[in-house]
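Input sequences plus hints: build the corresponding full structure.
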Amino acid sequence: MIQKPHIDWFALSPSLAMIAAAGALLLVAVFVPRRRRKQAAATLAGAGFLAAFVFAVVLAAKSPHGTTEVVDAVFRDRWSAVAQVLIAGCGVVAVLLSYGEHWRDEHVAEYYALLAAAGAGMAFFVQAANLMTLFLGLEWFSISLYVLCAIDIDLVGSLEAGLKYLIIGAVGSATLLFGSALLYGATGQLSFDKIGAAAHPHDSLLVLGLALVLAGLAFKSSAAPFHMWTPDAYTGAPTPVTAFMSSATKVAALVVTYHLLVTAFPTEQHLWTWAVAGIACASLAIGNVAALAQRNVKRLLAYSSVSHAGFMLIPIAAANALGERALIYYLIPYCAMSLGAFGVIAARERELNAPVTLENLAGFGWERPFLGASMWVFMLGFLGFPLTGGFIGKFYAFAAAYRHGWWWLIVVGVAGTIVSAAYYLAVVRAMYFRDSAELQLAPAGGSPPRDAALAVGVALCLAITVGSFFAVQPLIDVAHSAANALPF
Amino acid sequence: MTHWLTTILIVLPVAGALLLWLAPVPRQWVGSLATLVSLVEVGVWIEAVRRFDFGSSALQLGQQHAWFRDLGVSWHVGQFGFSIWLVGLTAVCGAAASMYAWWAGRERPRAYFGLLLFLTGAVVGVFSAQDLLVFYAFFEAMLIPLYVLIGVWGGAGRMRATITFVVYTVAGSLLMLAAIVVYGLQQGTFDLTKMGPSGNDWLFLGFAIAFAVKAPLWPFHGWLPDAYRESPAEVSGLLSGVISKVAAYGFLRIAIDKFPGPTHDFRVPILVLASIGLVYGSLLAFRAPDIRGVVAYSSLSQMGLITYGLFAANDLGFNGAVLQMVNHGLISMTLFLLAGMVERRAATGELSLLGGMARGRPALATVLMTTGIIALAVPLSSNFAGEFLILAGVFQQGWGWAVIGAAAIVLAAMYMLRLISAVLHRETGPAVSDAALDLRGAELAIVVPLVGILLVLSAWPAAVSGHSFLGLP
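Heads up: the sequence lines are chains A and B, in that order. Quick note, the first sequence lines up with residues 0 to 487 if you use numbering that gives the first Met the number 0. Quick note, the second sequence lines up with residues 0 to 472 if you use numbering that gives the first Met the number 0.
No lab work stands behind these hints: they were computed from the structure. Do not rely on the hints blindly, as some may be mistaken.
FRET-style restraints, in silico, Cβ to Cβ [as the list claims (entries may be wrong)]: (1) Gly-277/A x Asp-256/B: 54 to 62 Å; (2) Ala-292/A x Arg-266/B: 51 to 59 Å; (3) Ala-292/A x His-263/B: 44 to 52 Å; (4) His-263/B x Trp-406/A: 21 to 29 Å; (5) Pro-288/B x Asp-153/A: 57 to 65 Å; (6) Gly-104/B x Asn-352/A: 45 to 53 Å; (7) Asp-256/B x Phe-469/A: 27 to 35 Å.
Since we're looking at a predicted model, the values are computed, not measured. Each residue gets a CB set at the ideal place from its N, CA and C atoms; glycine is no exception.
Structure representation (structure tokens):
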């Protein structure tokens with residue numbers, strides 16, 4: 000008789016909630032009549048993400064001490080639970096942003112099913128405690144995202160986006176897998192903490208494996224030079240999908256990167272801090288400079304997300320207690336700003352039925368005061384201006400770098416921010432300084448469609464972006480207790 | 000109540016801004032409501048002065064709440080003798096700006112007046128912040144309304160003006176952020192009242208460059224001509240009258256107070272820059288083709304003079320610098336508003352097209368003459384008192400500086416008299432029609448109080464200079 004391991008179902012509950020929602024949504028696709036399908040599917044997906052959110056919050060509250068569950072396959076600790084809270088929260092907002100999209104209704108339930116499945120995959124991924132679950136989680140959410148990118152076959156570039164993401168993503172997965180194989184070869188262990196315990200110093204096989212795994216994860220966080228898929232995939236994918244990808248994927252990839260590095264490679268810290276700092280600098284340089292040249296706002300934000308990967312790699316490179324707090328804190332306003340900004344773009348896109356360029360935003364701020372002002376706040380947040388959490392995030396990231404003794408990393412970050420001012424403020428300029436009379440393109444006709452769900456989603460993002468500036472202490476407390484789960 | 004006064008001074012205009020943005024206020028009430036809020040702000044400030052004990056050098060009207068504890072950052076605000084005068088300058092100039100904008104009428108009034116109030120709140124915040132991060136937050140927050148105020152309501156060249164303005168100031172302030180992070184972590188707290196001195200030259204430069212850009216000091220003044228010319232008149236007035244004082248205050252409160260060693264080491268280079276700005280600004284003001292150009296470049300020169308006072312690093316210099324900040328703030332605001340009023344009448348500010356406006360316009364002539372004469376520092380004017388203190392202070396650092404400063408005051412007389420004669424005297428310019436009226440009652444109600452305060456300060460300059468310092472905190 001096969002011995003079954005003890006399974007802590009509660010530790011898996013956020014993932015399970017979302018995968019259950021995904022399964023139920025596939026049934027909705029078949030059984031619910033077409034005219035009510037959109038509503039039912041969106042409600043169900045929202046409920047799934049919300050349930051996952053609640054489970055993750057409870058899980059975080061009830062896991063003060065980090066443990067590994069299910070034969071060392073998954074972590075049960077606050078670090079990953081907090082990341083799951085963020086991922087599920089991103090999912091809820093993504094559902095709100097998706098609701099008004101002009102989906103072809105025969106695929107609407109499948110869309111939400113894939114979204115929920117991607118969320119479940121990410122929630123599983125952030126818990127990964129060994130190389131098997133790591134790869135499984137990665138592929139799980141990646142495959143869902145490949146399909147989501149290409150789901151709107153009517154959209155120009157959507158299929159292209161999906162294909163590019165698929166091919167480059169596959170390279171990333173292969174890199175990660177190869178790295179995992181080398182790590183197993185070097186240590187004979189699969190789970191992170193045992194790799195850390197078994198590692199010999201100066202083992203070149205281990206170092207090579209570490210490098211490959213790091214690169215594989217950098218593909219997912221779209222850090223340069225592994226960001227090549229990002230602009231095309233972000234631009235081509237339906238905008239709500241882009242919003243979800245840019246926020247939740249980044250949470251998953253960055254949180255796992257740090258978790259993996261500190262649990263499996265404590266002895267190689269002198270190497271990976273430098274490697275991560277290098278990737279951070281490359282991302283800051285490439286992301287910010289490339290964004291300057293963009294006219295398409297989605298593409299501009301795609302490069303901005305590359306540069307933000309660089310920013311959030313700074314606290315990872317710092318590898319100290321302050322950096323851990325900085326990473327978790329920064330992710331909160333970052334997710335809100337990213338979701339919110341893409342949400343506003345989605346609204347403009349629906350109004351114009353055309354890709355949003357800087358020219359197309361002319362007069363938007365005056366005609367749609369709420370969305371315009373929100374976009375303004377999100378841009379200032381990305382730029383790291385006060386009254387948004389982006390400011391505190393950058394401040395903590397710089398503080399972590401300084402604590403590590405790397406003042407030059409602050410200089411790189413500051414230089415990147417100065418460059419970024421040009422393009423973030425270009426968006427504000429496009430919205431407010433130009434009149435809609437200059438608009439070359441007529442709006443799609445009539446008054447803009449009312450989209451209450453999107454407005455609620457953007458309002459939530461706005462509240463979090465601004466609120467995280469004022470309520471720093473509670474969020475830092477959360478980040479602090481999350482970081483306590485880690486070995487140092 | 001006393002503990003809350005500073006917080007109220009900061010929050011009141013911001014709350015007013017939020018009210019204008021969010022509440023469905025009818026269009027025709029927006030200007031009056033904003034003016035009301037800014038006048039209440041002045042009232043609160045007067046109450047704050049009444050409760051302020053000028054005999055004590057301690058921080059007063061203060062309030063502190065932890066913001067995030069692990070890095071020692073807190074909402075810590077309060078007033079010193081010198082900062083309360085600058086807060087007052089902000090409140091008064093903010094009220095004048097609101098009134099002028101209300102009178103002149105601006106498109107999209109809800110956004111416009113909201114931004115003006117927000118700007119006032121942010122500047123008061125900078126002058127009141129006793130925590131380095133709060134200081135920085137307000138310092139950056141000022142840029143948000145300014146960017147839009149220039150970019151949306153500015154003149155034809157506004158795009159270029161905003162871009163250069165933002166590039167300069169963002170670059171400067173982010174260098175300061177880097178310096179703040181390093182300095183705060185070294186000290187273990189960001190509380191300005193608890194932070195000890197530091198001898199690090201790089202940190203000093205990080206702060207000094209940010210303030211030099213904001214002031215601006217030569218050679219960081221590249222953004223100045225465009226921004227001052229293209230903004231609406233009252234925004235130019237705030238920029239040169241109030242925002243530039245933020246930089247001077249920053250030098251005083253942070254760069255000089257916290258970095259005594261580097262201040263000593265960099266004194267000569269900074270005084271050299273200030274001297275160049277002083278003379279070069281005066282010469283440019285003398286050559287400027289339009290009213291705003293004259294006022295803008297005179298502002299560059301005056302900031303050089305104020306820097307003289309600050310880096311004289313003695314009580315005479317500090318007292319003179321604070322008095323001169325208040326003087327120059329009021330003068331700049333008045334002159335820019337007058338420039339706006341003249342531009343409304345003649346549809347241009349080109350000096351070659353103006354002239355002869357004194358004829359039949361006694362009120363305009365009187366106000367412009369009075370302000371101009373105070374600006375060129377005739378004896379018994381408040382500007383004379385300020386400049387005298389500054390020169391006396393910098394004399395102790397070396398007589399050469401005082402000579403350059405005195406020469407610049409002569410240049411100031413030249414450009415100010417040129418401005419007055421080009422606008423008021425000479426033959427009637429082609430842009431001046433007989434139909435152009437004298438200053439109206441509403442306009443007088445805005446500028447006469449400003450000139451009145453200048454006259455009071457002329458009679459009693461020690462009101463400011465004698466009530467600012469009891470030694471640096």
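Hint check:
One distance hint, 54 to 62 Å for the beta-carbon pair Gly-277/A and Asp-256/B, is violated here, with the actual separation near 39 Å. With their beta carbons about 44 Å apart, Ala-292/A and Arg-266/B fall outside the hinted range of 51 to 59 Å. Range check, Ala-292/A to His-263/B: Cβ separation about 46 Å, and the 44 to 52 Å hint holds. Distance hint check for His-263/B and Trp-406/A: the Cβ-Cβ separation is about 24 Å, which falls inside the suggested range of 21 to 29 Å.
Restraint check, Pro-288/B to Asp-153/A: a C-beta distance of roughly 58 Å satisfies the suggested window 57 to 65 Å. Here the CB-CB span from Gly-104/B to Asn-352/A is close to 38 Å, at odds with the stated 45 to 53 Å. Under the hint 27 to 35 Å, the C-beta atoms of Asp-256/B and Phe-469/A, about 28 Å apart, fit the expected range.
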